[in-house]
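J.: Protein sequences appear in the order of chains A and B.
Residues 837 to 1096 (this note's numbering) make up the first sequence, in order.
Residues 837 to 1096 (this note's numbering) make up the second sequence, in order.
Any given hint could turn out to be false.
One copy or any two copies: either way a pair holds, since identical chains are not told apart in the list.
Unchecked claim - Simulated pairs of lysine-lysine, DSSO-like, Cα-Cα distance not exceeding 30 Å: (1) K1042 <-> K887; (2) K1024 <-> K1006; (3) K883 <-> K1034; (4) K959 <-> K1090; (5) K1076 <-> K1006; (6) K1076 <-> K959; (7) K1034 <-> K937.
Hint data in this document are derived by calculation from the structure and do not stem from the laboratory.
Keep in mind that this is a model prediction, so the values were computed, not measured.
One letter stands for each residue in the lines below.
Number of protein chains: 2
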Amino acid sequence: MAEAIGVFDSGIGGLTVASAIQQALPNHRIIYFGDTLHLPYGDKSSKNIQKYIKAISAFLYEMRCRHLVVACNSASSVLSSVNSMPEFSSITNVINPVVDKVAMNMGIKSVGIIGTKRTIHSKVYSNLLQEKRSDLNIYELATPLLAPMIEEGFVHNAITEQVIHEYLQKLPKVDALILGCTHYPLIKTEINRFFDGKVQLFDAPKLVAQHVVNCVSERNTVRDSEDCFYVSDLTNSFEKTAQLFFGHSIHLRKSDLFEL
Amino acid sequence: MAEAIGVFDSGIGGLTVASAIQQALPNHRIIYFGDTLHLPYGDKSSKNIQKYIKAISAFLYEMRCRHLVVACNSASSVLSSVNSMPEFSSITNVINPVVDKVAMNMGIKSVGIIGTKRTIHSKVYSNLLQEKRSDLNIYELATPLLAPMIEEGFVHNAITEQVIHEYLQKLPKVDALILGCTHYPLIKTEINRFFDGKVQLFDAPKLVAQHVVNCVSERNTVRDSEDCFYVSDLTNSFEKTAQLFFGHSIHLRKSDLFEL
Chain A
837 MAEAIGVFDS
847 GIGGLTVASA
857 IQQALPNHRI
867 IYFGDTLHLP
877 YGDKSSKNIQ
887 KYIKAISAFL
897 YEMRCRHLVV
907 ACNSASSVLS
917 SVNSMPEFSS
927 ITNVINPVVD
937 KVAMNMGIKS
947 VGIIGTKRTI
957 HSKVYSNLLQ
967 EKRSDLNIYE
977 LATPLLAPMI
987 EEGFVHNAIT
997 EQVIHEYLQK
1007 LPKVDALILG
1017 CTHYPLIKTE
1027 INRFFDGKVQ
1037 LFDAPKLVAQ
1047 HVVNCVSERN
1057 TVRDSEDCFY
1067 VSDLTNSFEK
1077 TAQLFFGHSI
1087 HLRKSDLFEL
Chain B
837 MAEAIGVFDS
847 GIGGLTVASA
857 IQQALPNHRI
867 IYFGDTLHLP
877 YGDKSSKNIQ
887 KYIKAISAFL
897 YEMRCRHLVV
907 ACNSASSVLS
917 SVNSMPEFSS
927 ITNVINPVVD
937 KVAMNMGIKS
947 VGIIGTKRTI
957 HSKVYSNLLQ
967 EKRSDLNIYE
977 LATPLLAPMI
987 EEGFVHNAIT
997 EQVIHEYLQK
1007 LPKVDALILG
1017 CTHYPLIKTE
1027 INRFFDGKVQ
1037 LFDAPKLVAQ
1047 HVVNCVSERN
1057 TVRDSEDCFY
1067 VSDLTNSFEK
1077 TAQLFFGHSI
1087 HLRKSDLFEL
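Based on the sequences and whatever the hints tell you, model everything.
T.: Here's what the structure looks like:
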């Protein structure tokens, strides 16, 4: 039986990562958990996010997931402080694979990072980058309106361009930009256009999927059951938005994990 | 001892209402509860919002509030289905005072309503308006990006205008517009400009405050203690945003009501 891969996010943005993992490992079962009841994590305190991580990890482990992917930057940024996690064979966050890729590229001398307030204020990207490449010039910028804008479907219109411009004009000249939120791959084209294609963009989905591929021991397995997508609170609009992030329509199931 | 007034919202937008109540009843103590842990309610299921309303109402009643103001459209829209509420002397929501004011104005033949997805899909405004004025033409429009945009402080710039334009151009010609979200008073000027001042705008704060004034029995009382502002989760950014909504800086306290 193939080792199932548990993917979780505060909402449905992590489906961009789940989709990349599904393409890289089509024979492995993915169990996704979107904590839509507590979305967005970007505004939550570390203490509460840590509680949610523990509860969701235990749930995914009970569902026989042996690989955990924390497909949420806010959760990834506090992950190391969570004690007594279940014994997964591997835990992949969305930050390290991206940081490693950027750090290895010696042509990059200056890098910008955009993300939610929580991700940026945590300095998780800049601290890790600095450890690996003390010569790097690093510029961080919180861009909190981008995620709700993308969820609203404003991904290829004048508002998208204007909001991107309003934020990114604040950055000094950089060689590379890290898209530090799982929503942002959906506006990668527009961000690329803002920079006239002159800035290298780094985002999580493919790099995280590659990391998971390296962690999984048996690749030529046969899947024994379908992927499964849970959310902690279900409303009509989520299924529509889920399609935007996953690339095709999926069935969302309501989990009772956080019922009062 | 003055009867305290409990005001609650999913977050800090309800502070626009609390501020209007404070101005109308300066001698009454206000206890505010912002359920920032579960914010935004606009994306939550009715069942969960009802649970939060029960818990917060009980908390405010225990804090000796005798008047309850549900300063949140999403919560107001499901309020009538909540069973066994504490015995407040009065319960004011943010919907009825606005609906009553619009319905009484016989010069208004067509009205638009904007709000979160939840508020609009609940049809709470249109059902109430139709009951009172079957001759009204009513047009509803979900404008979910407005609230996060305002929270981000984009209230008087080009993005504000563009997002307002993107949404409001979808409305047919109306005589009046109901701003069905406690955040929207902050962009009233910009909305007014979009309509060249030719559409009457109706929002909650002053109308709700007037309703509370009518409910409170003793007006010439002396306040025995300061106003108090609780949130169910506290991060740095809330205090800054709170100032935007309340008009001046306030001290937010963390409540343990929803601790896991």
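J.: In ascending order, which of the hints set out earlier in this document are inconsistent with the structure?
T.: 3
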